[in-house]
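Trainee: Since the structure of chain A is already known, use the hints to place chains B and C on it.
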Amino acid sequence: MAGVFAPTRAKIAERTLRTDKWWLQPLITVVVLVSFIIYATIRAFEGKNYFAEPLISPFYSPCLTNGCPDGASLLGQPFGTIAIFGMVISPALFILIFPLGFRMTCYYYRKAYYRSFWQSPPACAVAEPHKTYTGETRAPLILQNGHRWFFFAGLIFNVLLTIDAVLAFRNADGQWGHLSVGTLVLLTNATLLWLYSASCHTCRHTIGGRLRNFSKHPVRYKLWGWVSVLNHRHPTFAWISLFGVALSDVYVRAVASGSITNFYFF
Amino acid sequence: MSAAEKMVKLRIWRGDAKDGALQDVEVEANEGEVVLDVIHRVQATQMSDLAVRWNCKAGKCGSCSMEINGKPRLACMTRMNMFEEGETITVTPLRAFPVIRDLVTDVSFNYKKAMEIPAFAGPTDLKPGEYRMQQVDVERSQEFRKCIECFLCQDTCHVIRDHEENKKSFAGPRFFIRIAELDMHPLDTLRNRKKTAQEEHGLGMCNITKCCTEVCPEHIRITDNAIIPMKERVVDEKYDPIRWLGSKIRKREGIN
Amino acid sequence: MSELERHSYDVVVIGAGGAGLRAAVEAREAGLRVAIICKSLFGKAHTVMAEGGVAASMGNVNSSDNWQVHFRDTMRGGKFLNHWRMAELHAKEAPDRVWELETWGALFDRTKEGKISQRNFGGHEYPRLAHVGDRTGLELIRTMQQKIVALQQEDARNHGDAESHIKVFAELTITEILKEGGKVSGAYGYWRETGNEVLFEAPAVVLATGGIGKTFKVTSNSWEGTGDGHALALKAGGHLVDMEFVQFHPTGMVWPPSVRGLLVTESVRGDGGVLTNSEGKRFMFDYIPEVFKDKYADNEAEADRWYGDQTNNRRPPELLPRDEVARAINSEVKAGRGSPHGGVFLDVSKRLPADVIKKKLPSMWHQFKELADVDITETAMEVGPTCHYVMGGIEVEPDTAAAVGVPGLFAAGEVAGGMHGSNRLGGNSLSDLLVFGRRAGAGAAAYIKASGKNPVSEASVRGASERLNAPFTRVGGENPYTIHQELQQTSNDLVGIIRTGKELEEAIVKLAQLRSRVSTAKAEGGRAFNPGFHLAIDLDNMLLVSECIARSALQREESRGGHTRDDFPAMNPEWRQVNSISAWNGKSVDVIQQKLPSLPKELFDLFELDELKKYLTPAEITSVKGGA
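Protein chains in written order, with my numbering: chain A, 1 to 266; chain B, 1001 to 1256; chain C, 2001 to 2628.
This is chain A alone, in the form it adopts within the complex (with noise of 0.2 Å):
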């Protein structure tokens, strides 16, 4: 036996010692995320009910296929309407690898990950049950490294669903100056995402922390001031950022098949 039973350490049979919940955390992050990805899948595979003039559902956005209701694509439709099996893949399908790829690979969701599904370790001091351990040195999880990647595509994103925020200033003959709940939601949710790649360790390193000399670098050390004190709250951005882009989604999917009607303000 190896780790905390290995022959020099102390003899205790017990694989942790703690007394407090420690299980309670790793598996409120399992249910919290088991959920959205069930969710998430299948809004994915719906292919319907995510457009109703002027919203869009985030997991929609930008739409790329020429099946997308006319006003969800902007930036067009390059993609044909492409099925397997007579089965019509979901113009979903196109754009949800990046920010699903930004999250895998964000430094805070691989901590929740890897204690939760992984139990690399399930919490601190309790043993873990794999035999070996390589980390993040090998393929696949070598590709971590790439987290910078996803970065730079998830801010794309994030402008296209600011401009679907600002697009929402419109009412559903497309007159700007209206102000919906729907507008709220689809604000809120980008300034989420906004708040939740600013705060990113990327972003921090990219902005200032590769410098080695601050003082040479007086503006970028100001911003890495900034996105250092949103770093620290990085986890709590990731998760409300998360929670924000499905209640987007259940919102715009209760417009678009006329459960709700969107509430105007003005």
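Incorrect hints may have been included.
[Said to hold, decoys possible] In silico DSSO-like cross-links for lysine-lysine, where the CA-CA straight-line distance does not exceed 30 Å: (1) A:LYS11 x B:LYS1009; (2) A:LYS222 x C:LYS2359; (3) B:LYS1113 x A:LYS11; (4) A:LYS21 x C:LYS2369; (5) B:LYS1127 x B:LYS1195; (6) A:LYS216 x B:LYS1127; (7) B:LYS1006 x C:LYS2217; (8) C:LYS2112 x B:LYS1146; (9) C:LYS2115 x C:LYS2092; (10) A:LYS21 x B:LYS1006; (11) A:LYS21 x B:LYS1009; (12) C:LYS2358 x C:LYS2369; (13) A:LYS11 x B:LYS1112; (14) B:LYS1195 x A:LYS222; (15) A:LYS131 x B:LYS1167; (16) C:LYS2358 x A:LYS216; (17) C:LYS2112 x B:LYS1127; (18) A:LYS111 x B:LYS1113; (19) A:LYS11 x B:LYS1168; (20) A:LYS111 x B:LYS1146; (21) A:LYS216 x B:LYS1238; (22) C:LYS2167 x B:LYS1112.
Worth flagging that the hints you see were computed from the coordinates, not collected in a lab.
Mentor: Chains B and C alone, transformed into the frame defined by chain A:
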């Protein structure tokens, strides 16, 4: 017995490399005491040969590292009033290192690793007294120099705690902050620290699960401020073709 | 018994605090093979506790500073009992020693120009203490620890073995200095881990074992401060000088009981903290001694202005030398104006914004928050005097740090005496250990070149081994923990901050009784990592040191610096002319008086004549000044 005193229940691991077990003791505790005080009372009144390491008793030397209710902690910084009334407090030696006796472990692993990290390499053209550094430029490294070498981060790190075989190739959080300290030092001249961090000291083994940060008694943000920035610097060097190309053209590592 | 573990080195450095490590670096750079012995793990020495900074007149913050001013402050602080040559070397060399640390990787706080920042401290005329927040000691110890590692890496490259020239023996206690033919031949001790005995053969030994705080009940020192080096030197035939001078740091924590004695750094006062009694009065204004009247503000308005404008205002009396502040607090508490837990209040919360306090005093904030559950940005601290430092120590030659009377023995740092006179200024201990640590290493190197090897005889080894094993062979003796508690109580009650002749006599009787009880104290259990056994060994040292303190204190019939006699409350220039020299006669301690070397003319001239008149006798002044 004065009003401030009460009896507390402790389970202390006693033994050596061959064998050992948790032993129950009851001992007085006074208001305002920490676990180390109570262990000392056990030593003075019931187990005069109970082995325990300690020095400053103020959280500054990092000697009294042990595991209290399963968590790596400094005994001198663990106040008795954080436990429930009547709760049994379990105290064991660090479980990532070979045990010597009772609460004392062999932490020589850490000193071996310290030896593997190349020392500060100052500029050769500056004489003592000629160093000029701005406060903003030394602050990041100063955070890491707060380290008191209690080795709780090393103890809790599952990479070696749960995998004895990784001790060869993994320096551990304490030495990642040392590498980060030097790599961020405004006047260090050794420029291959990023590469060696990844290739020799096992930075890639870290899966950033942050237990080191959780247990650090100095509240050094080991993961966010040292390990992740070093991982990003390694990406600059090794896994980012654009920056790699840039560095070839400019023939230098990173920017200043 | 199994084969005795033997090692052979050029120099054995006992103690791995700042002085020991600095000595080791110097000896190794002189090409010697060095063993460093630490009682605990490498890097845990009590030096880590030093908070305020290291005093060196670099003049980075105020360019008027120079070594002469530093020398003057040091002599004043020590009430002119300092060995002038040590104070001179110290003031001259401190800046180089600090700058050198930077080249080894130390990161001090910076000024705007990028130089090492310096802060104000009690007794120092200008901002002089290089610092890193309030963890300067840690920075020093870590820097030198890393320098040792750097040298070992160099040795690994050059000789294929990292430990070819420096080897650290951690968790090993030395119980005896061995001598052959009147000269040092080695050291004998045991591994704390296994209890197994070890012999070091070496013609030179550097003692850098630090202090004696553990003889007192309320102390800022860790368990290691048991006066080992003082006792080792005495038993080897060396002398201790001025052991009556024990510094009580004015501000130790008084609550909770478990951390009673733990230091509250002087920087708290340097950065604006004020002392008040239970009536809310800033009482320090009532305690400014005559000799300091022109340097310290006598009203709150001026004292408060000083923090902003140090040129045109006198400094607040909270920054008086440590002995003055400690006595003042002691008096307030005795007069019934103390805080609930028997101290006074030290408040920084009303003077500085919370974020500034956290930035300037991070470990203090941390310490009170975590140990006492007190937020110093909101409430006042409760503080009182705590045994902090012993000015007395091994009598040494200033230039080489060679112990007087024992060829081959060297001493540096707190264990050496003379440098600080009757009272040490804050910040002068870190500079002391750098300056004289280096000189001890160099002194040992020069000595070895001249003297060569000195093999240890088997008879010496047998004797040392027998004495070491005594605590196991005794029958039916007492628990060493009980005796230790009584010793600490005796020191605190009878040899503490305020002394009287009668109490000191009582203490000497009591110590003799304790000594006879220690000779029967038995260690329970096995040899491996047995703290009861360790304490039994240390107790012997502590008793010896306590006796030196009590006898020296009884002899000195005046009050000066860290020695206050209720029955002789005034300072007496006649007593300034003598050092108390303690020596071991095999059964007890003898204390004799020895004339202090007098100040040479060029250093004498650094002072105003009016000031010197406060300390020196008219005859002394005449002899230097030639009747002026």
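Trainee: Against each hint, give a clear statement of whether it holds in the structure.
Mentor: Hints versus structure:
no.	hint	in the structure
1	A:LYS11 x B:LYS1009	holds (21 Å)
2	A:LYS222 x C:LYS2359	holds (19 Å)
3	B:LYS1113 x A:LYS11	holds (25 Å)
4	A:LYS21 x C:LYS2369	holds (26 Å)
5	B:LYS1127 x B:LYS1195	holds (29 Å)
6	A:LYS216 x B:LYS1127	holds (23 Å)
7	B:LYS1006 x C:LYS2217	holds (23 Å)
8	C:LYS2112 x B:LYS1146	holds (22 Å)
9	C:LYS2115 x C:LYS2092	holds (19 Å)
10	A:LYS21 x B:LYS1006	holds (27 Å)
11	A:LYS21 x B:LYS1009	holds (21 Å)
12	C:LYS2358 x C:LYS2369	holds (11 Å)
13	A:LYS11 x B:LYS1112	holds (24 Å)
14	B:LYS1195 x A:LYS222	holds (28 Å)
15	A:LYS131 x B:LYS1167	holds (15 Å)
16	C:LYS2358 x A:LYS216	holds (27 Å)
17	C:LYS2112 x B:LYS1127	holds (20 Å)
18	A:LYS111 x B:LYS1113	holds (25 Å)
19	A:LYS11 x B:LYS1168	holds (23 Å)
20	A:LYS111 x B:LYS1146	holds (25 Å)
21	A:LYS216 x B:LYS1238	holds (26 Å)
22	C:LYS2167 x B:LYS1112	holds (13 Å)
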